[in-house]
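Read top to bottom, the protein sequences are chains A and B. Sequential numbering from 0 applies to the first sequence in numbering that gives the first Met the number 0. Sequential numbering from 0 applies to the second sequence in numbering that gives the first Met the number 0.
It is worth saying that the hints were derived from the structure and are not from the lab. As the structure is a computational prediction, the values presented were derived from the model and not from experiment. Some hints here could point you the wrong way.
Stated by the list, open to error - 20 Å max Cα-Cα, derived DMTMM-like pairs, lysine to aspartate or glutamate:
#1 B:Lys25 <-> B:Asp14
#2 B:Lys272 <-> B:Asp240
#3 B:Lys237 <-> A:Asp292
#4 A:Lys237 <-> B:Asp291
#5 A:Lys232 <-> B:Asp293
#6 A:Lys237 <-> B:Glu37
#7 B:Lys232 <-> A:Asp293
#8 A:Lys109 <-> A:Asp83
#9 B:Lys58 <-> B:Glu86
#10 B:Lys237 <-> A:Glu112
#11 A:Lys237 <-> B:Asp293
#12 B:Lys232 <-> A:Asp292
#13 A:Lys232 <-> B:Asp14
#14 B:Lys69 <-> B:Glu86
#15 B:Lys237 <-> A:Asp293
#16 B:Lys237 <-> A:Glu37
#17 A:Lys25 <-> A:Asp74
#18 B:Lys232 <-> A:Glu37
#19 B:Lys237 <-> A:Asp35
#20 B:Lys231 <-> B:Glu246
#21 B:Lys237 <-> A:Asp291
#22 A:Lys237 <-> B:Asp80
#23 B:Lys144 <-> B:Asp15
#24 A:Lys231 <-> B:Asp291
#25 A:Lys237 <-> B:Asp292
#26 B:Lys232 <-> A:Glu112
#27 B:Lys90 <-> B:Glu48
#28 A:Lys231 <-> B:Asp292
#29 A:Lys237 <-> B:Glu171
#30 B:Lys231 <-> A:Asp291
To be verified - Listed next, the stretches of chain A that the computed footprint assigns to chain B, with coverage defined by at least 3 CB atoms under 8 Å from CB atoms of chain B:
#31 186-195
#32 249-257
Beta carbons: idealized from backbone N, C-alpha and C, even for Gly.
This is what each chain is made of:
Protein chains: 2
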Amino acid sequence: MSCTGGTLKPIHRLDDLCQQIKVESKRTVAVAAGQDPETIEAVARAVEENVVNAILVGKKSAIMQVTGEKNINPDLFQIVDVADPNEAAVKAVSMVSQGEADMLMKGMVKTAEFMRAILDKEMRFLPQGSLLSHVAVIQVPTYPKLLIVSDAAIVPVPTLDQTLKILEHTIEVANALGIEMPRVALISASESISTRIQSSLDAAVITSMARRNQISGAIVDGPLALDVAISKKHCRIKGVDTPVDGEADILIFPNIEAANTFYKSTALLAGAKIASLVAGTRAPVVLTSRADDDAFKFASICLAARLASKRFYEASS
Amino acid sequence: MSCTGGTLKPIHRLDDLCQQIKVESKRTVAVAAGQDPETIEAVARAVEENVVNAILVGKKSAIMQVTGEKNINPDLFQIVDVADPNEAAVKAVSMVSQGEADMLMKGMVKTAEFMRAILDKEMRFLPQGSLLSHVAVIQVPTYPKLLIVSDAAIVPVPTLDQTLKILEHTIEVANALGIEMPRVALISASESISTRIQSSLDAAVITSMARRNQISGAIVDGPLALDVAISKKHCRIKGVDTPVDGEADILIFPNIEAANTFYKSTALLAGAKIASLVAGTRAPVVLTSRADDDAFKFASICLAARLASKRFYEASS
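This is chain A alone, in the form it adopts within the complex (with noise of 0.2 Å):
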């Protein structure tokens, strides 16, 4: 399955994304209360540097007033003028359902108020059946390839079912990298199955599941501990056989807490730089928050910009 027409190549670094996407045709982000300086300085740098177009939904005049005290020409965007935060939420989702943009990004509005926009039934946002999930791909300097990683922020503990969405969703952005056929970590704490730990016995589901044809476009195994995942060496020295073979593309965690530990363990003791979206909606969604540093939310633009673009030759072929 190609991205864009031609053959997509792997991708391993996330600068490597961000040159990428700039060669594609452009998507284009309706941000939600597009009006604080740093979603503005963000996504004007998306659109300087020919990533996307971008709707600005949120308060006109706050909008021009960071726009002149950042020295940003306001001409980069096009404005939608919405005082009220919470209304510019919905009325950004809203263009991205009815096909006026094709990702969202949150910008100077409550995360709570935000996900209500986007939950809505009315809005048709969320397919029917469909599970919002985080995922996070993440370059540390000490591993050859990128990480996919979920999920580390909205799921707490994923069942069997939730867990095969998540799964499916980190399939789908590993495509948008060009991965085409990912490896599949379901993490555990061993490779041994314990009927004492239910993230072995989950994991061993799912690759069940997977040697059935039950999961396609993936090679999936677990439950696997980190190390095997993305460790040749400690796959020799522990004698464990598994297809994922110390290359993982994506790591399933089994719960919240521990995705959210390797995302945070490697950003800051491993020099990561990562990207971030939230999946599972009918268009790609960039959710950043105050402690994201300026790289991170370029990034995470870059990735939803990738994906949508990757939606858009889907369905235009």
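Starting from the known structure of chain A, arrange chain B on it as the hints suggest.
Using the frame of chain A, we list chain B on its own:
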């Protein structure tokens, strides 16, 4: 509380721990089935570097063959000839129980058999009402302190009671490292208490217990996500007011997958050096595996010796 009669300077690097232990009264390790080359080499180094006295309980002919091949002086050890590995484990545990040694180490006996000997009630090696738990001491180049982490290997999903015991064990290790009043972060995925996330509720309860002075010898706070536990900057950006304040000494994880993931991500992706031991027993236990390198085994012997030494001084003062 002093460990050596004088004041112990807090130890912030594993190398310092290994240096410091040499100047103290040496403790004795009993090694169960201490007849494999890796174990003999690690123990020989610890004896030569003045860290411990050692009793190898194992097949004497096998021990002599290894020392011959590796050019190790067999007089470094007391050798107790027990050919069968499982019987050797029982003998080593009973020697520690009877005060002939101060710490226990696993050699070439299966973990399950080794644990069976430890848990055997007749041995009285696990005090009544005690809990076996795993304590790792992690030195990451990108963090200025040692991080004491639990439980990455034994307790799958600790109950509140189990978490309190795990906490107690880590505080004892912190004290043995000269950290009198360790800062403890109860890790969850966020600082918010969510009724949907059990780990956040458990952390909230334990934090309240600490505020009611039901936990002594530590500054305890949670739920905390990993970033605010180890980064002052993230505390500031997120506006999180916590006495841990980005300077955690101890990280208590809510489940084995999260702790194991932290352990392995720091080891493989962040260049961590690690020592570990099993706590909750009458004497510290070194339980290394084939995937552990020599530096890990040596540091783990030093850590257990440090703890055994602390207990010796406390018992005799």
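Comparing the hints with the structure gives:
Restraint check for Lys25 of chain B and Asp14 of chain B: satisfied, since their Cα atoms lie roughly 18 Å apart, inside the 20 Å limit. In summary, the hint linking Lys272 of chain B to Asp240 of chain B is not supported, as the alpha carbons are separated by about 30 Å, beyond the 20 Å threshold. Between the alpha carbons of Lys237 of chain B and Asp292 of chain A the distance comes to roughly 12 Å, so the proposed pair stays at or under 20 Å and holds. Between the alpha carbons of Lys237 of chain A and Asp291 of chain B the distance comes to roughly 10 Å, so the proposed pair stays at or under 20 Å and holds.
A hinted pair counts as satisfied when its Cα atoms are at most 20 Å apart, and Lys232 of chain A with Asp293 of chain B qualifies at roughly 16 Å. Between Lys237 of chain A and Glu37 of chain B the alpha-carbon distance is near 15 Å, which keeps this suggested pair within the 20 Å criterion. For the suggested pair Lys232 of chain B and Asp293 of chain A, the alpha carbons sit about 16 Å apart, so the restraint of at most 20 Å is met. Between Lys109 of chain A and Asp83 of chain A, the direct Cα distance comes to roughly 12 Å. Compliance with the 20 Å bound is thereby established for this hinted pair.
Pair hint Lys58 of chain B plus Glu86 of chain B holds up; C-alpha atoms about 10 Å apart against a cutoff of 20 Å. Between the alpha carbons of Lys237 of chain B and Glu112 of chain A the distance comes to roughly 19 Å, so the proposed pair stays at or under 20 Å and holds. Between Lys237 of chain A and Asp293 of chain B the alpha-carbon distance is near 16 Å, which keeps this suggested pair within the 20 Å criterion. Restraint check for Lys232 of chain B and Asp292 of chain A: the C-alpha separation of about 12 Å stays at or below 20 Å, so the hint holds.
Taking the CA atoms of Lys232 of chain A and Asp14 of chain B, the gap is near 25 Å; set against the 20 Å cutoff, the hint is violated. A threshold of 20 Å between alpha carbons decides the hint, and for Lys69 of chain B with Glu86 of chain B the separation of about 26 Å lies outside it, so the pair is violated. Simply put, Lys237 of chain B and Asp293 of chain A have alpha-carbon atoms about 16 Å apart, close enough for the 20 Å limit, and the pair holds. For the proposed pair Lys237 of chain B and Glu37 of chain A, the alpha carbon gap of about 15 Å is at most 20 Å, so the pair holds.
As the CA atoms of Lys25 of chain A and Asp74 of chain A are separated by approximately 17 Å, the hinted pair is consistent with the 20 Å bound. Of the supplied pair hints, the one linking Lys232 of chain B and Glu37 of chain A holds, its CA atoms being roughly 18 Å apart against a limit of 20 Å. Restraint check for Lys237 of chain B and Asp35 of chain A: satisfied, since their Cα atoms lie roughly 17 Å apart, inside the 20 Å limit. Distance check on the hinted pair: Lys231 of chain B and Glu246 of chain B sit about 7 Å apart at the alpha-carbon level, within 20 Å; holds.
For the given pair, Lys237 of chain B sits about 10 Å from Asp291 of chain A by alpha-carbon distance, which is consistent with the 20 Å threshold. Our distance criterion of 20 Å between C-alpha atoms is broken by Lys237 of chain A and Asp80 of chain B, whose separation comes to about 29 Å. Restraint check: the Cα-Cα separation between Lys144 of chain B and Asp15 of chain B comes to about 12 Å, which is no more than 20 Å; the hinted pair holds. Pair hint Lys231 of chain A plus Asp291 of chain B holds up; C-alpha atoms about 15 Å apart against a cutoff of 20 Å.
Annotation: proposed proximity of Lys237 of chain A to Asp292 of chain B holds, straight-line Cα distance about 12 Å (limit 20 Å). With a CA separation close to 27 Å, the supplied pair Lys232 of chain B and Glu112 of chain A exceeds the 20 Å bound. Among the hinted pairs, Lys90 of chain B with Glu48 of chain B is inconsistent with the structure: their alpha-carbon atoms are about 26 Å apart, more than 20 Å. Only pairs whose Cα atoms come within 20 Å are accepted, and Lys231 of chain A paired with Asp292 of chain B is accepted, the gap being roughly 16 Å.
Distance check on the hinted pair: Lys237 of chain A and Glu171 of chain B sit about 31 Å apart at the alpha-carbon level, beyond 20 Å; violated. Proximity of Lys231 of chain B to Asp291 of chain A is assessed by CA-CA distance (about 15 Å); at most 20 Å being required, the pair is judged to hold. For a cut-off of 8 Å, the count of residues in the region 186-195 of chain A with a CB near a CB of chain B stands at 6, and the three-residue condition holds. With a cut-off of 8 Å between beta carbons, the region 249-257 of chain A has 6 residues touching chain B; three or more are needed, and the interface restraint holds.
Against the hints set out earlier in the document, violations occur for numbers 2, 13, 14, 22, 26, 27, 29.
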